[in-house]
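> Spelled out, the chains give:
2 protein chains.
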Amino acid sequence: MKAEIITIGDEILIGQTLNTNAAFIGSKLTELQIDVSFTCVVHDNEDDIKNEFKRSFEINDITIVTGGLGPTHDDITRKCVVDFFKTELVQNSEVLSDIKKFFEVRGRQLTKTNEGQALVPKIATPIRNSRGTAPGFWIERNNKLFIVMPGVPYEMKGMMENFVIPELNEKIGERKIFKSTVNLLTTGIPESVLYDRLGNLDELLGGASMAFLPSQFGVKMRITAQADSKEKSQNMLDVIEQKIRSHVGRFIYGKNDDLLEGVVAKLLNDRNLKLSVAESCTGGLIANRLTNISGSSKFMERGVVAYSNAAKVELLKVNEDTIAKYGAVSMEVAMQMAEGIKSVSGSDIGLATTGIMGPTGATPNKPVGLVYIGICDDKICSAKEFRFGDDRLLNKDRTSQAALEMLRRNLLGISYDD
Amino acid sequence: MKAEIITIGDEILIGQTLNTNAAFIGSKLTELQIDVSFTCVVHDNEDDIKNEFKRSFEINDITIVTGGLGPTHDDITRKCVVDFFKTELVQNSEVLSDIKKFFEVRGRQLTKTNEGQALVPKIATPIRNSRGTAPGFWIERNNKLFIVMPGVPYEMKGMMENFVIPELNEKIGERKIFKSTVNLLTTGIPESVLYDRLGNLDELLGGASMAFLPSQFGVKMRITAQADSKEKSQNMLDVIEQKIRSHVGRFIYGKNDDLLEGVVAKLLNDRNLKLSVAESCTGGLIANRLTNISGSSKFMERGVVAYSNAAKVELLKVNEDTIAKYGAVSMEVAMQMAEGIKSVSGSDIGLATTGIMGPTGATPNKPVGLVYIGICDDKICSAKEFRFGDDRLLNKDRTSQAALEMLRRNLLGISYDD
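Chains C and E supply the protein sequences, listed in that same order.
FYI, the working numbering numbers position 331 of the first sequence as 331, with every residue one higher than the one before it.
FYI, the working numbering numbers position 287 of the second sequence as 287, with every residue one higher than the one before it.
It is worth saying that the hints were derived from the structure and are not from the lab.
Watch out, some of these pointers could steer you wrong.
Same chains, same names: a pair is fine if it fits in one copy or spans any two.
[What the hints assert, rightly or not] For lysine-lysine, the following DSS-like pairs were computed, each having C-alpha atoms within a straight-line distance of at most 30 Å: (1) Lys232 with Lys379; (2) Lys101 with Lys232; (3) Lys179 with Lys379; (4) Lys54 with Lys384; (5) Lys243 with Lys112; (6) Lys101 with Lys384; (7) Lys255 with Lys298; (8) Lys384 with Lys298; (9) Lys325 with Lys86.
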């Protein structure tokens with residue numbers, strides 16, 4: 001089964017909005033073993049939209065469209081669907097009652113504009129929207145599927161989960177070729193070093209394929225195998241994964257959708273450990289990443305964003321003389337911050353960052369990108385120096401990732417160095 | 001001038017990586033008044049890549065390709081370029097010396113794999129890479145441009161800024177139609193209410209076009225006008241913006257690339273005010289957003305992530321009886337947290353959040369999505385209740401946005417209610 005994802009909206013073409021919808025749908029179709037062959041973004045323009053509808057409908061089994069279904073005048077997808085399939089709009093009473101209920105619950109007034117959203121193409125099965133007002137459309141023609149959903153990610157996701165994925169799953173039925181994919185997530189090792197350490201790839205992979213995907217969070221290895229049963233393709237992967245781990249296992253923090261913060265959270269909770277974080281240069285990013293994990297209240301005792309020296313001294317008991325002697329960005333201060341937050345909060349582990357994220361703040365001896373990360377547990381306090389780049393936000397990401405990785409290796413007893 | 005952006009890489013098709021490159025390039029081309037007519041993502045597959053090269057090169061003046069130039073075996077873009085333009089690879093000595101230098105500076109060993117990256121298509125001008133090892137290619141043929149860059153965002157951005165944008169700017173020369181665009185950023189008002197409050201849009205816009213773009217951070221209005229001079233199109237926009245502000249001005253926190261955290265940072269710095277933030281449910285997100293702004297050390301005194309009740313009592317002087325009586329998620333505790341962080345830190349303003357982000361933590365009286373935000377300045381302390389949805393990460397985003405908006409309105413003396 002081949003699918004194309006069409007996203008409608010100038011805001012994506014001109015780079016004002018990231019195309020998270022195509023990514024979400026792409027990942028869900030891939031899980032269903034549907035081959036996403038192409039994704040594209042089209043102008044808010046009737047001719048462009050209808051041309052792409054035609055091209056995709058001809059060559060694909062499934063076309064999924066998002067965007068342009070809102071209540072305002074610039075949303076033209078519904079009209080294009082009606083024209084393309086030569087059908088008409090009819091009012092759907094279930095959708096109308098959904099919309100009325102949506103406004104009732106929120107204590108808001110229903111507007112004429114919203115009421116018009118209950119008009120759906122006659123040949124479509126409406127996809128009901130539990131999170132907003134615009135319905136989606138499910139159309140079957142010539143043994144092909146044409147699915148339309150709103151562009152608001154939260155609403156689209158609700159429709160995918162409650163309706164589209166279960167329906168697609170049923171349609172797919174018996175499969176002949178089974179693909180399996182695994183992503184191994186590494187951090188703290190450059191792409192070319194990783195590549196070289198793996199040795200002969202053809203030998204390693206034995207017919208499977210592999211891609212290296214670098215980012216500021218590390219390098220992801222994506223391995224895909226196919227066979228005539230799900231079990232066989234999965235077995236191939238297991239063997240390859242084992243081999244890879246024997247070469248570079250210490251750098252692998254997780255698999256697939258794992259997040260480093262989630263891996264660390266699980267380790268902490270499994271051991272009933274409390275963590276506190278003292279952040280200078282990361283400014284709350286580490287605490288924010290950890291608290292994105294549901295259940296983080298169990299291990300996360302507190303976080304302190306100690307931007308000012310006063311805060312470092314008062315809240316973290318950093319020695320004023322140490323700051324005066326070595327500077328706030330130093331190995332010594334990183335270590336004292338970690339020690340301080342640990343003892344003040346009574347946590348099992350203290351983690352601390354201090355550095356120069358840029359673009360300003362550099363001194364002759366301390367360039368932008370210089371970072372110290374400290375970690376303290378019941379046995380030992382240590383700190384490590386890092387030199388990152390010159391982009392503030394990337395530096396924050398890299399620092400938070402390195403700090404969480406130091407924490408992971410501390411918990412597992414793996415040394416941080418190669 | 002019409003352009004297409006082609007992104008190569010299965011990792012984007014299958015939704016593992018967001019297509020931030022197309023967004024960045026799209027926004028830069030738009031600034032140059034180049035019409036981004038289409039963007040697409042293509043399989044790591046030679047035939048698919050060459051087909052899309054052909055289609056785009058035929059109908060567009062500019063084709064920009066990213067991805068698949070890395071040092072590993074799965075990167076096939078260079079080969080496709082060579083085949084498509086029927087040219088060959090030659091070693092470029094400048095690129096080779098760039099690569100050698102790159103490794104030298106980092107004290108790393110040059111590998112054979114990396115050395116091979118100095119081979120570039122004969123007909124191309126190499127685009128040198130100051131941030132990585134793979135060069136890009138600039139090809140001119142039949143009065144059309146074909147530009148290829150690596151997929152690593154940081155490297156691609158360096159090439160865009162240092163080479164591609166200045167070169168394109170020169171190529172473009174005299175223009176006939178001038179487009180201007182403004183984005184007005186609102187928060188705290190639903191899309192349909194905003195739409196209705198603006199009244200008759202045709203009258204308001206007088207020939208310009210407008211789109212409404214909702215997200216968890218608010219609704220963006222994008223207005224585009226065109227005329228035969230830059231000045232005229234800009235004047236049209238100014239008139240429209242003024243009219244819109246007369247209807248819904250209090251909800252507009254910024255324009256174009258403004259971030260609410262940046263707007264607030266500027267207000268605080270202009271007034272020489274110090275801010276401290278006490279976060280429970282947002283877990284560091286507000287501090288993180290504020291410290292993303294360069295220069296935030298001037299106003300950001302400290303942040304506390306007080307997840308545990310103990311931290312709320314110790315660090316923020318919240319009254320234990322208040323927590324026992326009203327619960328940690330309450331108007332009263334939000335107010336005391338804001339008051340506490342302000343007085344403990346000696347800041348001018350204290351901002352605090354407490355709420356239930358989900359998926360767990362709800363009680364019969366307190367559903368997921370219930371949030372209280374407190375704010376305290378030298379004159380008054382107040383708190384406000386919000387009811388958001390059931391998605392943890394969206395709830396964190398929404399809460400941080402509402403808190404920063406309360407701060408903005410406090411600084412400007414605008415009431416938070418409609």
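> Tell me, please, which holds for Lys101 and Lys384 at an alpha-carbon limit of 30 Å: within, between, both or neither?
Between copies only: 25 Å across, 57 Å inside.
> 30 Å Cα cut-off: does Lys255 pair with Lys298 within a copy, between copies, both or neither?
Within one copy only: 24 Å inside, 40 Å across.
> I want to check one pair: Lys54 and Lys384. Are their C-alpha atoms no more than 30 Å apart within a copy, between two copies, both, or neither?
Neither: 57 Å inside a chain and 50 Å across chains, both beyond 30 Å.
> Check Lys325 against Lys86 for me: Cα-Cα at most 30 Å, and say if that holds within a copy, between copies, both or neither.
The answer is neither: 78 Å in one copy and 63 Å across copies each exceed 30 Å.
> Go through the copies and call it for Lys243 and Lys112: within, between, both or neither, with a Cα cutoff of 30 Å.
Between. Shortest inter-copy distance 23 Å satisfies the 30 Å Cα cut-off; intra-copy 62 Å does not.
> Since the copies are identical, ignore which copy is meant and state whether Lys179 and Lys379 lie within 30 Å (CA to CA) inside a copy, between copies, both or neither.
Result: close neither inside a copy nor across copies, 46 Å intra and 64 Å inter.
> Classify it for me, Lys101 with Lys232: is the Cα-Cα distance of at most 30 Å met within a copy, between copies, both or neither?
neither (49 Å within a copy, 46 Å between copies)
> Is it within, between, both, or neither for Lys384 and Lys298, if the alpha carbons may be no more than 30 Å apart?
For Lys384 and Lys298, the Cα distance is within 30 Å both inside one copy (28 Å) and across copies (27 Å).
> For Lys232 vs Lys379, is the C-alpha pair at or below 30 Å within one copy, between two copies, both, or neither?
neither (46 Å within a copy, 70 Å between copies)
When held up to the earlier numbered hints, the structure conflicts with 1, 2, 3, 4 and 9 and fits the remainder.
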